[in-house]
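From first to last, the protein sequence lines stand for chains B and U.
Read left to right, the first sequence gives residues 1 to 178 (the numbering used here).
Read left to right, the second sequence gives residues 1001 to 1223 (the numbering used here).
Any given hint could be a false lead.
[Claimed, not checked] Each computed DSS-like pair below joins lysine-lysine, with the alpha-carbon atoms no more than 30 Å apart:
| no. | chain 1 | residue 1 | chain 2 | residue 2 |
| --- | --- | --- | --- | --- |
| 1 | B | Lys41 | U | Lys1181 |
| 2 | U | Lys1165 | U | Lys1044 |
| 3 | B | Lys176 | B | Lys141 |
| 4 | U | Lys1118 | U | Lys1218 |
| 5 | B | Lys54 | U | Lys1071 |
| 6 | U | Lys1181 | U | Lys1044 |
| 7 | B | Lys169 | B | Lys79 |
| 8 | B | Lys54 | B | Lys83 |
| 9 | U | Lys1165 | U | Lys1213 |
| 10 | U | Lys1213 | B | Lys54 |
| 11 | U | Lys1181 | B | Lys38 |
| 12 | B | Lys176 | B | Lys83 |
| 13 | B | Lys83 | U | Lys1181 |
| 14 | B | Lys169 | B | Lys145 |
| 15 | B | Lys79 | B | Lys167 |
| 16 | U | Lys1125 | U | Lys1039 |
| 17 | B | Lys54 | B | Lys162 |
| 18 | B | Lys145 | B | Lys163 |
| 19 | U | Lys1125 | B | Lys45 |
| 20 | U | Lys1012 | B | Lys45 |
| 21 | U | Lys1165 | B | Lys54 |
| 22 | U | Lys1012 | U | Lys1071 |
| 23 | B | Lys54 | U | Lys1044 |
| 24 | B | Lys141 | B | Lys38 |
| 25 | U | Lys1044 | B | Lys109 |
These are computed hints drawn from the structure, not numbers from a lab.
Source: prediction; values computed, not measured.
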Amino acid sequence: MELLEGEEELIHSEVDSIFQEFTPERENLIPVLQETQKRLKYLPKLAMQKIAEKIGIPEVDVYSVATFYNQFRLYPPGKNQIKVCMGTACHMMGGHIILESFERRLGIKEGETTPDREFSLERVACVGCCALAPVVVVNDKVEPKVSPIRVDGILLSYEIEKKLEEKEKDAEEEGKSQ
Amino acid sequence: MSKEVKIIIDGKEIKAREGEKLLWVALDNGIYIPHLCAKRDAEKPDASCRLCFVEVEGMPNPVTSCTLPVKDGMVVRTRTPRVDRLVSTAFELLLSNHRLGCGKCPKNRSCELQTIAKERGLKLKLTRLRPLERDLPVDDSPQGFIYDPSRCVLCGQCVWVCHNKVGVGAIGFVRRGIERKMATFGEVPLAESRCTQCGECVEVCPVGALTKKEEDEKQAESA
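The shape of chain B in the complex, shown without the other chains (with noise of 0.2 Å):
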């Protein structure tokens, strides 16, 4: 995942302070983690390899410990998050199949973000409604009986809200350089 610019510079300051706060010790790696995805919102690679430098142990330790716990994202969360859910109902309605749509679709792997940061896909475990599976959840909105013609649908309402976001800030700069 490429940095956005200005990214380096906070994660190096974010890291710097969040030391001041925890002593550079193998036990506080945990800690230091999550801190640091509290206020980046993931782990991005240099923030873990800054983390390793700095409590003195291989970078692949740090990403071993990111890897193996749930709570730990790599990637940014997107503008829009997709959650597809994975409960009991929601899998035996093919749950999986819907998953496998949008990672076809947006290109990318659950867990994982798109590179212009749009979207993010992430599996859930019940979301609460299993009268409608199989669910997806972007951002808070519930879309009950999700198909794969249906993903693509989903994913064509964000992109033409975006497209018209796009449209209506051109035609103000517009206005403005008038």
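Fit chain U to the supplied structure of chain B, relying on the hints for placement.
Structure of chain U alone, referenced to chain B:
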């Protein structure tokens, strides 16, 4: 020096130093106990391969011999129905996650899995379990060796050597459960990582996951 103790393994009286781990005492005295993850110099045993079970008189359940310090008068049996059952299940679980096909493997005839199967009369094929097919890419980026993750049994020998003997720390375990594998930081090919390609990990790999390129080629020619 710690004091000398006498223990009995399979009816054979053996002298050992107190506190030494039972697995190494047995191996040093010519009694074979299957093992994959144990490292002689490691401070704390992983006890993760679940192959080195033995039964000790006075203990209710079989114990892993790599974690058990010897005590004076200990009576150990390496082969009992309970031990055999535990070992055969653990062995089959390992095999279910190990791409079989010894004929094509450069480690054929020097593989630790083959040794265990021979010693314990176990089959090198799955009878109760389905194979876990993961289709992981082979990493042939280093100069002298190849890493094939689908042959890896996650014993951790390479990781331990890389961290504790060589002091590089280029490789480690990543992810969890059936996704777990040995990899580098960011899961990049070895040649792009901080790996110095010293080849120590290849030396300790008990199976055909890390193999020398020359052996691989020899195997391809003969096959």
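Comparing the hints with the structure gives:
A distance of roughly 26 Å separates the Cα atoms of lysine 41 (chain B) and lysine 1181 (chain U); the hinted pair therefore holds under the 30 Å criterion. The suggested pairing of lysine 1165 (chain U) with lysine 1044 (chain U) holds, with an alpha-carbon distance near 15 Å, which does not exceed 30 Å. For the hint linking lysine 176 (chain B) to lysine 141 (chain B), the alpha-carbon distance of about 35 Å lies beyond 30 Å, and the restraint is violated. As the CA atoms of lysine 1118 (chain U) and lysine 1218 (chain U) are separated by approximately 25 Å, the hinted pair is consistent with the 30 Å bound.
Taking the CA atoms of lysine 54 (chain B) and lysine 1071 (chain U), the gap is about 42 Å. The hint is violated against a cut of 30 Å. Proposed proximity of lysine 1181 (chain U) and lysine 1044 (chain U) is supported: the alpha carbons are some 21 Å apart, at most 30 Å. With a CA separation close to 17 Å, the supplied pair lysine 169 (chain B) and lysine 79 (chain B) stays within the 30 Å bound. Taking the CA atoms of lysine 54 (chain B) and lysine 83 (chain B), the gap is about 34 Å. The hint is violated against a cut of 30 Å.
Restraint check: the Cα-Cα separation between lysine 1165 (chain U) and lysine 1213 (chain U) comes to about 23 Å, which is no more than 30 Å; the hinted pair holds. Our distance criterion of 30 Å between C-alpha atoms is broken by lysine 1213 (chain U) and lysine 54 (chain B), whose separation comes to about 37 Å. A distance of roughly 27 Å separates the Cα atoms of lysine 1181 (chain U) and lysine 38 (chain B); the hinted pair therefore holds under the 30 Å criterion. The hinted pair formed by lysine 176 (chain B) and lysine 83 (chain B) fails the criterion: a straight-line CA distance of about 39 Å is larger than 30 Å.
For the suggested pair lysine 83 (chain B) and lysine 1181 (chain U), the alpha carbons sit about 26 Å apart, so the restraint of at most 30 Å is met. Distance restraint check for lysine 169 (chain B) and lysine 145 (chain B): the Cα-Cα separation of roughly 34 Å exceeds the 30 Å cut-off, and the hinted pair is therefore not satisfied. About 18 Å separates the Cα atoms of lysine 79 (chain B) and lysine 167 (chain B), which keeps this hinted pair within 30 Å; it holds. Taken as a hint, the lysine 1125 (chain U) and lysine 1039 (chain U) pair is honoured in the structure, with Cα atoms around 27 Å apart against an allowance of 30 Å.
Of the supplied pair hints, the one linking lysine 54 (chain B) and lysine 162 (chain B) is violated, its CA atoms being roughly 40 Å apart against a limit of 30 Å. This hinted pair checks out: lysine 145 (chain B) and lysine 163 (chain B) have alpha carbons roughly 27 Å apart, not beyond 30 Å. Annotation: proposed proximity of lysine 1125 (chain U) to lysine 45 (chain B) is violated, straight-line Cα distance about 40 Å (limit 30 Å). Using a Cα cut-off of 30 Å, the hinted pair lysine 1012 (chain U) and lysine 45 (chain B) is violated, with the two alpha carbons roughly 55 Å apart.
For the hint linking lysine 1165 (chain U) to lysine 54 (chain B), the alpha-carbon distance of about 22 Å falls within 30 Å, and the restraint holds. Taking the CA atoms of lysine 1012 (chain U) and lysine 1071 (chain U), the gap is about 15 Å. The hint holds against a cut of 30 Å. Our distance criterion of 30 Å between C-alpha atoms is met by lysine 54 (chain B) and lysine 1044 (chain U), whose separation comes to about 25 Å. Restraint check for lysine 141 (chain B) and lysine 38 (chain B): the C-alpha separation of about 24 Å stays at or below 30 Å, so the hint holds.
At most 30 Å may separate the alpha-carbon atoms for a hinted pair to count; lysine 1044 (chain U) and lysine 109 (chain B) exceed this at roughly 37 Å.
Of the numbered hints stated above, those contradicted by the structure are hints 3, 5, 8, 10, 12, 14, 17, 19, 20 and 25, listed in ascending order.
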